Amino acid sequence: NAGVTQTPKFRVLKTGQSMTLLCAQDMNHEYMYWYRQDPGMGLRLIHYSVGEGTTAKGEVPDGYNVSRLKKQNFLLGLESAAPSQTSVYFCASTRLEAQPQHFGDGTRLSIL
Amino acid sequence: AQSVTQPDIHITVSEGASLELRCNYSYGATPYLFWYVQSPGQGLQLLLKYFSGDTLVQGIKGFEAEFKRSQSSFNLRKPSVHWSDAAEYFCAVGMNTGFQKLVFGTGTRLLVSP
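Residue numbers (my numbering), protein chains in the order written: chain L, 40 to 151; chain C, 74 to 187.
Check each hint, because a few of them may be wrong.
[Said to hold, decoys possible] Derived SDA-like pairs: lysine to any residue, alpha-carbon spacing no greater than 20 Å straight-line:
id, chain 1, residue 1, chain 2, residue 2
1, C, 122, L, 135
2, L, 109, L, 81
3, C, 122, L, 109
[Said to hold, decoys possible] Cβ-to-Cβ under 8 Å is the rule here; a few derived chain C residues that face chain L:
id, residue
4, 115
5, 117
6, 119
7, 179
These are computed hints drawn from the structure, not numbers from a lab.
For clarity, every value in this text was computed on a predicted model and none was experimentally measured.
The C-beta atom is built at its ideal place from N, Cα and C for all residues, glycine as well.
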């Protein structure tokens, strides 16, 4: 049982390039989340999804888009990467409201 | 707006000594409360959670936490720290909004000295 898998683990981009981060979970969870982690700021919610085909904005959504075409996958897109998006990105999922979130190992993204 | 405060950015504890990490939250109702641990280069691992009932909750790796409603606190404790406990610890608050949405504290980095 892999849990939550994030791809890729590391990536370096140039300003203006685009890319997609993939999150896959094999636990049949309804809720999925994308966070970014920056030093001294904890984790901040970018976007989340409460089910297949649904997405919603979190605390820091600007510059990101998401899609949840399949229940097990949650994609995070950067259309035009900026240095301010250099961060570690975490995906998480949970089955129900009153259950803890399960986290992936993160994607370390650097924008030059 | 809901918020979570972890007032200690770094804490250094001698191996074998006791540990308490502080967490205070601001929320109008009783929230769901979590403590997560993150080792370098890793994701977050759940240590323990509080949803309701007994305000003293036990977690993995010998950790416990106590929910104090009057103080809006959920402090993490361990009676005897091991070198392998060195990591970053995050307190998180989940709000009862019909789905789970977490607000995280900024974390406390634990250093363990020999």
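Status of each hint after checking the structure:
no.: 1; hint: C/122 to L/135; verdict: holds (14 Å)
no.: 2; hint: L/109 to L/81; verdict: violated (29 Å)
no.: 3; hint: C/122 to L/109; verdict: violated (29 Å)
no.: 4; hint: 115; verdict: holds (6 Å)
no.: 5; hint: 117; verdict: holds (4 Å)
no.: 6; hint: 119; verdict: holds (5 Å)
no.: 7; hint: 179; verdict: holds (4 Å)
Going down the numbered hints, you'll see the structure goes against 2 and 3, while the others check out.
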